[in-house]
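Spelled out from the first residue to the last, the chains are:
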Amino acid sequence: MKQRERLIEALLALSAGISVLTTGGIIVMLAVEAAHFFRQVPLGTFLTDTQWTPLFADKHFGILPLVAGTLLTTGVAIAVALPLGLIIAIYLNEYATVGFRNVIKPLLEVLAAVPTVVYGFFALTVVTPFLQRLIPSMAGFNALSAGSVMGIMILPLVSSLSEDALTAVPRALREASYALGATRLQTAMRVVVPAASSGITVSVILAISRAVGETMIVAIAAGQEPRLTANPLVPVETITTYIVQVSSGDVAYGTLEYDTIFAAGITLFILTLVLNNVGYWFRQKFREQYE
Amino acid sequence: MPELEVKHVNVYYGTNHVLQDISMTIEAHTVTALIGPSGCGKSTFLRLFNRMNDFISDFRYEGSILIQGQDIYAPQQAVEELRKRVGMVFQRPNPFPKSIYDNVTYGLVLQGVRSKAVLDEVVEKSLRQAALWEEVKNDLRKSALALSGGQQQRLCIARVLAVEPHILLMDEPASALDPISTAKIEELIYDLKQQYTILIVTHNMQQAGRVSDKTAFFNYGHLIEYDDTGRLFTQPSHEQTQNYITGRFG
Amino acid sequence: MGYAATHPLRSGFLKGTPLLLALLAAACGEKSTSQKISIDGSSTVFPITEAVVEEYARQHPAARITVGISGTGGGFQKFCRREIDLTNASRPITDREGQDCQRQDIDYLPLTVAFDGLVVVVHPSNTWVKSLKVSELKKMWEPAAQHRILRWNQIRPEWPAAEIHLFGAGTASGTYDYFTQAIVGQRHASRGDYTASEDDNVLVQGVSTDPLALGFFGFAYYEANHAALRLVPIDDEQPGNGTGPVTPTVETVKNNTYAPLSRPLLLYVSSVAARRPEVQTFLHFYLVQAPHLAREVGYIPLPATEYRRQQTRFDEFVAQQR
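Residue numbers (the numbering used here), protein chains in the order written: chain A, 1 to 291; chain B, 292 to 541; chain C, 542 to 863.
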């Protein structure tokens with residue numbers, strides 16, 4: 001019996017070890033390959049050059065256009081997901097009956113279960129043509145459409161985390177507000193949401209981190225042209241799209257061109273790592289507040 | 292006309308009959324203490340007057356409650372308007388996580404008051420009324436959460452007074468406070484009686500004796516006895532009352 | 542009906558996945574391994590090869606033929622590593638790629654299966670571009686244009702000052718090599734700030750949905766989507782070759798007046814594969830079917846005599862392998 005326990009324990013430790021090893025392996029691989037890249041391209045150039053054309057005749061290795069594309073699609077996604085997610089969370093928390101909540105919450109979760117490739121084609125074939133009717137000058141591949149659909153994708157994340165934050169606001173604050181003659185809406189907007197703001201911030205940070213790493217939707221619908229722009233109506237390329245484009249193409253292994261994907265990858269990795277940690281730190285802080 | 296009239300009020304939570312056939316009359320500018328053991332219905336009774344029970348999903352109500360002759364459960368009664376006339380102070384201090392200033396002005400800002408001069412004046416007046424002005428007048432922009440418990444509770448009172456209600460409902464307002472803070476709140480209640488009609492729920496017999504003009508004793512959802520405070524505590528006409536005030540149960 | 546019309550949305554990043562046209566042999570009980578033919582390479586040649594394979598499968602249910610899309614360069618790489626039997630190519634093999642094959646002791650034969658015209662297209666609502674000179678295309682696409690030629694009026698002053706959105710083949714595709722050679726004058730030299738995809742469907746999608754777009758890709762993809770695109774006539778500025786702009790049509794591609802953007806489409810067969818009878822059967826079938834299938838997918842067939850000549854060349858190549 002005792003031996004069996006020990007065996008099980010060892011197996012559990014091994015499983016935990018595998019995930020740690022995998023993470024470690026990814027970091028090492030990214031760092032080693034990116035080091036190859038940075039031996040040939042100075043970090044300063046990488047961070048300040050405004051062009052990204054590693055596969056072409058006039059080679060430039062500035063990550064900014066890809067970062068801009070990533071932040072632009074992410075920005076659009078958050079602009080969609082934050083207000084919508086917050087409205088949903090407020091509605092579910094402050095207005096909806098228990099029965100309605102029980103129906104709508106699982107339905108919201110379904111949004112998170114839709115494969116991202118489906119979202120991508122939805123953006124390209126439904127959302128883009130629709131938006132073009134409103135904005136005729138909009139290009140077929142653009143950050144607006146891809147970002148909006150990505151916003152829908154991360155909606156459940158924002159709404160459920162925000163709802164948790166709203167639920168954590170003590171009942172006493174709501175009662176105080178109502179007792180002073182506030183309506184439900186006034187109470188929600190002036191007391192509950194501000195009191196939950198740190199929790200809502202966490203949900204947004206985690207949503208940003210998710211959107212930054214999202215690949216399929218932007219690869220399909222946002223375009224493949226690295227462009228340093230804040231205009232959401234033209235084609236852009238995100239870091240993830242570039243990595244997919246190169247790693248599925250015929251760029252020879254070991255060349256500088258190939259190493260660009262690791263440089264791009266490590267940029268993405270650092271970006272999401274920082275965001276997740278900021279989110280985690282915030283969440284810790286926010287927990288202390290109410291417990 | 293009496294300030295408050297309660298006529299044959301029954302309250303149910305689902306099938307639970309929590310208040311049974313209550314009738315009483317309360318005059319303006321008096322303090323009425325509501326006493327009784329836990330779960331006797333006194334808090335539910337208090338919350339009838341600003342309709343805070345409406346948030347409970349299976350709350351049901353019969354009878355009539357009149358404030359200055361007006362039925363507050365009439366269909367045309369706007370709940371928000373009612374709550375501006377009937378302020379409430381809760382058991383635990385519950386200031387908003389905002390500045391002291393914003394806490395006091397909250398109710399007025401809801402009503403659309405934007406003038407800084409008006410708000411400044413109300414803040415000072417309300418904080419003076421709540422005997423907090425001298426302690427915080429230099430820190431109005433500080434977070435209300437930085438205040439001590441007793442100060443927070445007086446801030447909550449100031450927040451209610453700023454809206455200028457006629458009636459003040461207090462649900463064990465000093466139970467979470469130390470003796471010095473409690474004394475300050477009691478003093479305050481005495482002063483406020485000049486302008487407000489006050490209903491206070493309390494577990495503290497001495498407190499009821501000190502601050503109130505009349506006392507109502509509740510038990511198991513019934514109003515057992517309602518009389519001048521002095522008489523109720525010295526010559527109760529019911530045995531249940533006698534047992535409760537002498538500490539044999541509750 | 543063209544390939545692009547049936548799969549208008551397949552995106553570039555999926556191109557590395559071989560499109561498996563699984564032609565199952567199970568019913569006949571034949572040894573399927575011996576019947577397997579694998580093809581890869583140019584996405585431009587893909588539609589015609591795919592059409593032939595579909596037709597062939599109907600008549601030879603035992604055959605198992607896979608057709609991938611790795612681009613011409615990718616196809617040659619696999620071809621010379623003996624990973625595939627035939628490769629689609631939208632340009633001739635380069636010396637360097639040829640050497641790879643020699644090193645593996647692989648001899649090969651290019652078969653011309655049809656002509657393709659590269660088309661330059663704009664959005665149907667584009668009112669200003671009536672035609673383009675090769676020099677103007679060069680100005681637009683050469684490496685020096687990168688981050689400098691960004692607006693339409695930089696090409697011709699009378700055109701609008703709006704942004705120009707460029708769409709073109711990715712660097713791994715034969716179409717890219719061909720276009721840069723023909724327009725810029727140097728293979729593999731172009732600007733890099735455009736939407737580059739090995740998948741022509743991405744390009745069709747991009748140009749057809751963007752009023753400020755200009756793109757280039759194979760004639761077949763234009764044919765399949767002609768309603769959503771507008772063709773731009775090209776002036777090669779060579780008076781000996783007809784004057785003024787020429788619109789790509791079956792005629793102008795065949796008679797070579799649509800220059801310099803028309804080219805032969807090639808299918809390379811390796812000496813190893815040519816020895817196998819099922820490959821011989823398949824290629825004979827291919828050259829017989831090519832005239833009408835080429836037209837069906839939007840390419841331009843060779844003259845009938847030319848197909849007969851390709852048959853003869855293949856037979857001779859097979860004979861040499863014995």
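Certain hints may be false.
Here are the simulated EDC-like pairs of lysine to aspartate or glutamate, each with C-alpha atoms no more than 20 Å apart in a straight line [unchecked claim]: (1) A:Lys59 x C:Asp646; (2) C:Lys680 x A:Glu175; (3) B:Lys389 x A:Asp58; (4) B:Lys433 x B:Glu455; (5) C:Lys679 x A:Glu175; (6) B:Lys416 x B:Asp430; (7) B:Lys389 x B:Asp362; (8) C:Lys619 x C:Asp646.
Because the hints were derived from the structure by calculation, they are not lab data.
We went through each hint and held it up to the structure:
Pair hint A:Lys59 plus C:Asp646 does not hold up; C-alpha atoms about 36 Å apart against a cutoff of 20 Å. Taken as a hint, the C:Lys680 and A:Glu175 pair is broken in the structure, with Cα atoms around 70 Å apart against an allowance of 20 Å. About 57 Å separates the Cα atoms of B:Lys389 and A:Asp58, which puts this hinted pair outside 20 Å; it is violated. Proximity of B:Lys433 to B:Glu455 is assessed by CA-CA distance (about 24 Å); at most 20 Å being required, the pair is judged violated.
Annotation: proposed proximity of C:Lys679 to A:Glu175 is violated, straight-line Cα distance about 72 Å (limit 20 Å). Between the alpha carbons of B:Lys416 and B:Asp430 the distance comes to roughly 16 Å, so the proposed pair stays at or under 20 Å and holds. Distance check on the hinted pair: B:Lys389 and B:Asp362 sit about 35 Å apart at the alpha-carbon level, beyond 20 Å; violated. The straight-line distance between the Cα atoms of C:Lys619 and C:Asp646 is roughly 14 Å, inside the 20 Å bound, and the hint therefore holds.
In terms of the numbered hints stated before, the structure departs from hints 1, 2, 3, 4, 5, 7, listed from lowest to highest.
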